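Colleague: Can you make the complete structure from the sequences, with help from the hints?
So the protein sequences, as listed, match chains A, B and C.
Quick note on numbering: numbering that gives the first Met the number 0 labels position 39 of the first sequence as 38, and the sequence is numbered without any gaps.
Quick note on numbering: numbering that gives the first Met the number 0 labels position 222 of the second sequence as 221, and the sequence is numbered without any gaps.
Quick note on numbering: numbering that gives the first Met the number 0 labels position 85 of the third sequence as 84, and the sequence is numbered without any gaps.
Hints were generated in silico from the structure; no laboratory data involved.
Don't take every hint at face value.
As the list claims (entries may be wrong) - Using C-beta positions, here's what the derived DEER-type ranges look like:
{"no.": "1", "chain 1": "B", "residue 1": "R104", "chain 2": "A", "residue 2": "R83", "range": "52 to 62 Å"}
{"no.": "2", "chain 1": "A", "residue 1": "D32", "chain 2": "C", "residue 2": "G13", "range": "16 to 26 Å"}
{"no.": "3", "chain 1": "A", "residue 1": "D257", "chain 2": "B", "residue 2": "V192", "range": "55 to 65 Å"}
What the hints assert, rightly or not - Chain C is faced by these chain A residues, among others (derived, beta-carbon under 7 Å):
{"no.": "4", "residue": "R158"}
{"no.": "5", "residue": "L162"}
{"no.": "6", "residue": "L164"}
{"no.": "7", "residue": "A168"}
{"no.": "8", "residue": "A175"}
{"no.": "9", "residue": "R177"}
{"no.": "10", "residue": "L178"}
{"no.": "11", "residue": "M179"}
{"no.": "12", "residue": "G180"}
{"no.": "13", "residue": "V181"}
All values reported here derive from a predicted model rather than from experimental measurement.
In this text, a Cβ means the ideal position worked out from N, Cα and C, and glycines have one as well.
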Amino acid sequence: MAAFLQQVVSGLAQGAIFASLALALVLIYRSTDVLNFSQGEMATFTTFIAWSLMNQGLSYWPAFALTLVIAFAGGALVERTIIRPVEHRPEIVIVIITIGLLIALNGLTGWIWGAEVKSFDSPFPNRTTEVGGVVISIQDLGVLGVCLATVFVLWAFFRFTTLGLVMRAVANSQEASRLMGVRVGWMLALGWGLAAALGAVAGMMAAPTVFLDPNMMLIILIYSFAAAVLGGIDSPVGAVVGGLVLGVLINVLGTYVDFVGGELRLPAALTVLLIVLLVRPQGLFGHRVVTRV
Amino acid sequence: MGRWRPLLGKAIGPVLFALGIVVVALLPRFMGEFRLLQFTLVAIYVIALLGLNILTGYSGQISLGHGAFVGLGAYICALLSLGRPGLELYMIDPPGWLPLGDGMRPVFTIPIAALVTGIIGFIVGIPALRLGGISLALATLAIAVSFPILMKRFSEVTGGGGGLNLNLPETPFGWDISTRHWLYYEAWVTAGVLFVVAWLLVRGRIGRAWRAIRDGEVAAVSAGVNPALYKTFAFGVSSAYAGAAGALFAIETSYVNPDTFPVGLSILLLASAVIGGLGSLAGVVFGALLYEFLPIYAQKPPIFSFDFADQAPAVVFGVFLIVIMLLLPGGVAGLFRVVARMVRGGRLRRAAPPGA
Amino acid sequence: MPLLELKDVHARYGPIRALHGVSLKVDDGEVVAILGANGAGKTTTLRSISGMTRTSGEITFAGRKIARKATESVARLGIAHVPEGRGLFPELTVWENLRMGAVARGGDFGAAAKRVVGYFPWIERRRDQAAATLSGGEQQMLALARALVSGPRLLMLDEPSLGLAPTIVRELFGVIRRLNESEGLTVLVVEQNATIALDVASRAYVLEVGKVAVEGTSDELSRHEGVRKSYLGY
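Modeller: Here it is in structure tokens:
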């Protein structure tokens, strides 16, 4: 039992990373109706920036904070320059643009920092602790804590601030928001900025464990996409729940189901996911069933 | 002059096709073996993109998993042309229930691979009906991601990570041309035939039904179209095309391996289809040319397993995708459509004002 | 000088031309109605004022040319447009919708809200209810309340009576009349229900096929034979 709980906790930590990136995907999807395939690469790029900052002598948390700011600015910039001109085009066009961004960023990351795998410091000590007979790594707890704290801050922002309200309104209806005098363009850029910052958190939490290289977030993006769809692509709560559930699922499946083992975790998790979607196409918490991309 | 214009417009399609045939037939005279290989691959990508275009462009179902069906076709071709005797050399002993014979001429594997992949695609299309756009994108992405993993895992059938080598086919009928040359013609003839088939499908009742479904399922249903049947059929047809392309690919390169068909293949096929122009058959030729000749593909394996030493091609390719989508959202075919309309004459019509 | 003036306005949505030279004006403190059949261009007129169409011609508001301004800029100048379908935020609560009315114009939301809720007391009681769950009449009133919260100089309403029961329509227009009489609110209202519109408005324009066909005071129009037959039913 204790071993099982251990797997659950590690799964939750991994899931928290998926949840953060999934939330970023949902944030962008809700406000701009776009599936941002480059979300993972944006996270990788900003994590490398954090690495460079720390290499230059900055200690962890200041580097972390500065990276969030840079990520925010970068995300907003991408929206204003690349996405804004094609807002009204068919969705598939915007999808291809985000794919182009994925490829370009991936290449750029490799170009600037090289392809050798790098190690990334964790702010959490490499120890374990014991709670009720279950051995838990502090690293896992830390990741879970940081991700959940970030999600909470974001939630509070949307719920309690005027700016958050305006962003929620824009996600509901851009036209109605314009009639209220809202500068919708700025709000969209803000959304992309927040999403990029979220992605940076996910990247920095993942890097110590999966090690830093340009392809670090590719698989995580797939898991996060799966988590977002599982939760309901237009539901922020769904993204978080979906991410945590998926993290636990792959850990448990990988450990306890022999057939799955280490190699088939991804296909197995995706199969479970697809079965859920067949039963409930809009995801666990989603509202609308999008019938066309 | 005015009377001739509409005629010219209608004739352009067949004329260009005939022109294409001539160009393809004559091209080999002007190039060496390597270029011949590249253009053979273009034919293969044309076939793959025709299928993808039918699925995403005409019936409106997004697929991020097309590459997996290409891979499936390739493996089927490899397994069938090696047969049990051939596989024994790899110490592969596939389960008895698999209908592998003693090995067959590679060219015969093409229709079989297409058929089998088509059936599997049709079956996949059934649950796909239930899923909406984003969910379908995820489901097909899942297939694409899982394919190489599964091929590696079930090495008792597939040869695992090492892959399978096929024997280089012989030029038939004792023709005095090189194997490369023969394969070039084999690929292009298949592409030509499949192009015509696609054209017939698309302009007929089935194509109209697909377009009706793509543009609005509710309206299509009220017009008496059964969306489920047509959508799954589209999946089947598109997968069959992918399977044929895959089989040809295996024949062409004489080697199949899980890493040749990673998720990047599916994503880039989709990108090429969009750049060529969704909903346009002629556009796939541009997409295929692009896929083969853009820098990142100059003899480098697809994304996710590439050589880090030069990242510049990746950046160039990515930026290129972005720029071309910003400038030509209808793809290259869209651009030609605008030009064609100008040639045919007639301006943008002024519709009656509905107002309030 | 009129508060709002349109001079020879042509408007289109992409290649579809909807207005073919509309000229009208609204003076400070007036209630003006735009009448006409479906497809005549009534909604398009409001939309072109709000910068939602491709417009040529001149639109002047409080001395400023606004014909080619963006929607949000026009709203910020003090034009509150309640569109067809009300334009509420369905997932936000009643109170949040109300707050959105004031976000762009700043000012004291508390005081403005109090004033507005005075006209629609039920809003206070149902403040946490999701806007999508309100009845049609309540939604229309919320939309109106939200428009008023910003203290606009011009209120534009697009078919406020659409889909509402006659008693609710009378109540709604009663509020509009009170707002105009006690606070001097200028109102431009598009309506298919000509009877109630002419009852509250002092002047009206009748649009047909994207042009002004008839214009005059409400009295004149109520007696105009063509208007009576086509729009008043007698």
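Colleague: Double-check M179 (chain A) for me: the hint is only fine if its C-beta lies closer than 7 Å to a C-beta in chain C.
Modeller: Hint on M179 (chain A): holds, closest Cβ of chain C at ~5 Å, below 7 Å.
Colleague: Does R158 (chain A) meet its interface restraint, that is, does its C-beta lie within less than 7 Å of any C-beta in chain C?
Modeller: This hint is violated: R158 (chain A) lies away from chain C, its Cβ roughly 10 Å from the closest one there, beyond 7 Å.
Colleague: Holds or violated: is there a CB of chain C closer than 7 Å to the CB of L162 (chain A)?
Modeller: violated, 9 Å
Colleague: Was the hint right that L178 (chain A) lines chain C, CB cutoff 7 Å?
Modeller: Nearest chain C Cβ about 5 Å off; hint holds.
Colleague: Quick check on the hint: A168 (chain A) CB to chain C CB, less than 7 Å?
Modeller: Because about 5 Å separates A168 (chain A) from the closest Cβ in chain C, which is inside the 7 Å limit, the hint holds.
Colleague: Regarding the hint that G180 (chain A) lies at the interface with chain C, is the smallest CB-CB distance below 7 Å?
Modeller: holds, 3 Å
Colleague: Checking hints one by one. Is V181 (chain A) an interface residue toward chain C, by the C-beta closer than 7 Å rule?
Modeller: Given a least distance of 6 Å, the restraint on V181 (chain A) holds.
Colleague: Note whether the CB distance of D257 (chain A) and V192 (chain B) lies within 55 to 65 Å or breaks it.
Modeller: violated, 47 Å
Colleague: Identify whether the interface hint at L164 (chain A) stands, where standing means a beta carbon of chain C within less than 7 Å of its own.
Modeller: Interface hint status for L164 (chain A): holds (6 Å vs cutoff 7 Å).
Colleague: Any CB of chain C closer than 7 Å to the CB of R177 (chain A)?
Modeller: At 4 Å from the nearest chain C Cβ, R177 (chain A) passes the 7 Å test, so the hint holds.
Colleague: Between R104 (chain B) and R83 (chain A), does the beta-carbon spacing fit 52 to 62 Å?
Modeller: holds, 55 Å
Colleague: Has the hinted range 16 to 26 Å been met by the Cβ atoms of D32 (chain A) and G13 (chain C)?
Modeller: holds, 20 Å
Hints 3, 4, 5, counting from the list given before, are not met by this structure.
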